[in-house]
Amino acid sequence: MTVATALIAEDEPLLAMALQAELARAWPGLQVLRTVGDGASAVRAALELAPQVLFFDIRMPGLSGLDAALELAELWPPAHAPHQPFPALVFVTAYDQYAVQAFEAQAMDYLLKPVQAARLQKTVSKLQQALIKPAHTAPETIANPVPDATLDATLHQLRGLLEHSARVTGSGMGATPALPRLQVLQASVGQQIHMVSVSEVLVFEAADKYLRVLTADREYLLRTPLKDLLNQLDPDEFWQIHRGTVVRASAIAFVHRDEAGKLSLTLRERHDKLPVSRLYAHRFKAM
Amino acid sequence: MRPLPPTALALRGLKVLVLNTVIALGITLFDNHSFGLNLVYSNCIGICIWCYIECANYFLVDNWQKHVSRLIFIVPVSVVLGYVSGHLLTDLILGTTSFQYWKQTPRMAWGMLFVSLVAGGTICWVFVSREQLAAERQNLEIARRQASEAQLKLLESQLEPHMLFNTLANLRALISLDPARAQTMLDHMIAYLRATLSASRAPAGGTRHTLADEFARLHDYLELMAIRMGPRLQFTLDLPDALRDQPVPPLLLQPLVENSIQHGLEPKVEGGRIRIAASADHGRLTLQVQDTGLGADPTRLQGQATPSPGHGFGLQQVRERLATTFGSEGAMLLVAAPEGGISASVTFPLKI
Numbered sequence: 001m002t003v004a005t006a007l008i009a010e011d012e013p014l015l016a017m018a019l020q021a022e023l024a025r026a027w028p029g030l031q032v033l034r035t036v037g038d039g040a041s042a043v044r045a046a047l048e049l050a051p052q053v054l055f056f057d058i059r060m061p062g063l064s065g066l067d068a069a070l071e072l073a074e075l076w077p078p079a080h081a082p083h084q085p086f087p088a089l090v091f092v093t094a095y096d097q098y099a100v101q102a103f104e105a106q107a108m109d110y111l112l113k114p115v116q117a118a119r120l121q122k123t124v125s126k127l128q129q130a131l132i133k134p135a136h137t138a139p140e141t142i143a144n145p146v147p148d149a150t151l152d153a154t155l156h157q158l159r160g161l162l163e164h165s166a167r168v169t170g171s172g173m174g175a176t177p178a179l180p181r182l183q184v185l186q187a188s189v190g191q192q193i194h195m196v197s198v199s200e201v202l203v204f205e206a207a208d209k210y211l212r213v214l215t216a217d218r219e220y221l222l223r224t225p226l227k228d229l230l231n232q233l234d235p236d237e238f239w240q241i242h243r244g245t246v247v248r249a250s251a252i253a254f255v256h257r258d259e260a261g262k263l264s265l266t267l268r269e270r271h272d273k274l275p276v277s278r279l280y281a282h283r284f285k286a287m
Numbered sequence: 288m289r290p291l292p293p294t295a296l297a298l299r300g301l302k303v304l305v306l307n308t309v310i311a312l313g314i315t316l317f318d319n320h321s322f323g324l325n326l327v328y329s330n331c332i333g334i335c336i337w338c339y340i341e342c343a344n345y346f347l348v349d350n351w352q353k354h355v356s357r358l359i360f361i362v363p364v365s366v367v368l369g370y371v372s373g374h375l376l377t378d379l380i381l382g383t384t385s386f387q388y389w390k391q392t393p394r395m396a397w398g399m400l401f402v403s404l405v406a407g408g409t410i411c412w413v414f415v416s417r418e419q420l421a422a423e424r425q426n427l428e429i430a431r432r433q434a435s436e437a438q439l440k441l442l443e444s445q446l447e448p449h450m451l452f453n454t455l456a457n458l459r460a461l462i463s464l465d466p467a468r469a470q471t472m473l474d475h476m477i478a479y480l481r482a483t484l485s486a487s488r489a490p491a492g493g494t495r496h497t498l499a500d501e502f503a504r505l506h507d508y509l510e511l512m513a514i515r516m517g518p519r520l521q522f523t524l525d526l527p528d529a530l531r532d533q534p535v536p537p538l539l540l541q542p543l544v545e546n547s548i549q550h551g552l553e554p555k556v557e558g559g560r561i562r563i564a565a566s567a568d569h570g571r572l573t574l575q576v577q578d579t580g581l582g583a584d585p586t587r588l589q590g591q592a593t594p595s596p597g598h599g600f601g602l603q604q605v606r607e608r609l610a611t612t613f614g615s616e617g618a619m620l621l622v623a624a625p626e627g628g629i630s631a632s633v634t635f636p637l638k639i
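Residue numbers (the numbering used here), protein chains in the order written: chain A, 1 to 287; chain B, 288 to 639.
Source of the hints: derived by calculation from the structure; they are not laboratory data.
Keep in mind that the hints are not guaranteed to be accurate.
Unchecked claim - One side only, chain B facing chain A, incomplete, derived with CB under 10 Å:
| no. | residue |
| --- | --- |
| 1 | L400 |
| 2 | T454 |
| 3 | P466 |
| 4 | A467 |
| 5 | V622 |
| 6 | P625 |
As the list claims (entries may be wrong) - In silico negatives: residues of chain B with every beta carbon more than 10 Å from chain A:
| no. | residue |
| --- | --- |
| 7 | Q425 |
| 8 | L451 |
| 9 | R515 |
| 10 | M516 |
| 11 | A618 |
Unchecked claim - Chain A regions said to be covered by chain B (calculated; three or more residues, Cβ under 8 Å):
| no. | segment |
| --- | --- |
| 12 | 16-28 |
| 13 | 72-84 |
| 14 | 230-238 |
Backbone N, C-alpha and C fix where the C-beta goes; we use that ideal spot for every residue, glycine too.
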């Protein structure tokens, strides 16, 4: 039996206790390092304790389980344990039909509340196997000179999960891939409405309630949320590089990697430095 | 009036033609002209009258329910005009000179005008009353459907799966940890479910229970939520003894309390307090639900145009129930509470 460490994030105290009790029965070698009650604390505790397994409730105050996982992936590895592999992630949910569908599609492990002993046993054996022999099959990327199979796999799954939930919750509209491509943006500047050709746009950047649209020499503000615009842009032409940033692929001059392994972009015609999220780092591999 | 669809118009035209033929037959019985001649006259006159009335309706009547009295002028004027133009039309078709017989047999001519007036008036009256009846029936049908939809949504929102499964998961956890508390929780849940189910089956604004009952049901719900949220939820219920027997619509406050928890306290990391209070002043009862939660933008809550499930629907529900039970005497007010969070209050007359 492997000795392993875990973190539980669950906002309902009784359910956290129950999960811990069930885990103690199903996996005596597992040590639950801490139990936290909200998403932000979960990220903080995971960075501090670097556990091997995370049990994240989906619906939590502050930051949802999914968002917490994304943020944690962004900040991994923790400063004090740079060679620690990314923890195995298990989502826990009471009832979330979309999430369950998404997890099934992504084969990421999830648990339905109330947690049943037999189902938990399955999860435990899966986790134990993953912890015994971590895979070494991840492709080497600029982002990860040292292959981190778990983080890559997790990012891959989170990516799929995000796409899937966007499709499912996209109120039926975003479901069709053949949405008409946007040609012209209408941005109001004072009393005028400027017609901005999409072919001139270099960057879309979400800023509070607005969307900044950058061309080579100008900047416009739109009131449209980025996610509404996203499926009207050609995905080969515009790449998403961060939760709130989309850039024109052909405008990228070079990609820079800092000591911590973080990527950032510099554009040909503008001197902004744009950070690349780990979630999208897979796009930038040397050919 | 909105234009009629062509098929409805054609159907009306057909009815007019049939009636014209019947009138021509009737006239032929006590008249020495041929049926053919009467048929041409009656059709020309009838169709002209009908056209005038249709046109007048189109231009002068916007709304059947409101402007139906305008027909009192429209029908006689259309009939007289139609009578004259029908004669002219017949003269054009048959090459006769109808206006001679106004001189020869004026009694006959007046008689025909009278027949046209009576026929036009009767036909119009029949059409209008039938259409009004159909419209009323449709309105009733719509109202009935809306009422049953509202009941279903009430049930759905209260038996929201996320709430239900989380509660059951907590109950399951308690069974092994603290059986006595599990039993208490189950009792609260049974009372809550019973109240929800019977409220969703009662006719809107129909039944009443006492304010003490209302507070007891809210207490059940809050106890359930307090077990789930632990120390993150604190609540107080403040009901003066004098108001205990006051009758109120069942579960009127439930959606407000749910909103406070779902959108105010549950998403807030440190949780907070909820206070429910009743007070009476100047013959009016005020029930207040106040929380220290996130305090969603009250303007957005007030002005919700399309209530999405789980949000806004509860408020709409409370507003509708106040309107059906108390008419303009009931009111709901949502304000941002000074210490953060939202304060929702409903007021209505004490004596009902």
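Verification of the supplied hints:
no.	hint	in the structure
1	L400	violated, 62 Å
2	T454	holds, 9 Å
3	P466	violated, 14 Å
4	A467	violated, 14 Å
5	V622	violated, 24 Å
6	P625	violated, 23 Å
7	Q425	holds, 30 Å
8	L451	violated, 8 Å
9	R515	violated, 5 Å
10	M516	violated, 7 Å
11	A618	holds, 32 Å
12	16-28	holds (count 3)
13	72-84	violated (count 0)
14	230-238	violated (count 0)
Figure legend: structure checked against the earlier numbered hints; hints not met, in rising order: 1, 3, 4, 5, 6, 8, 9, 10, 13 and 14.
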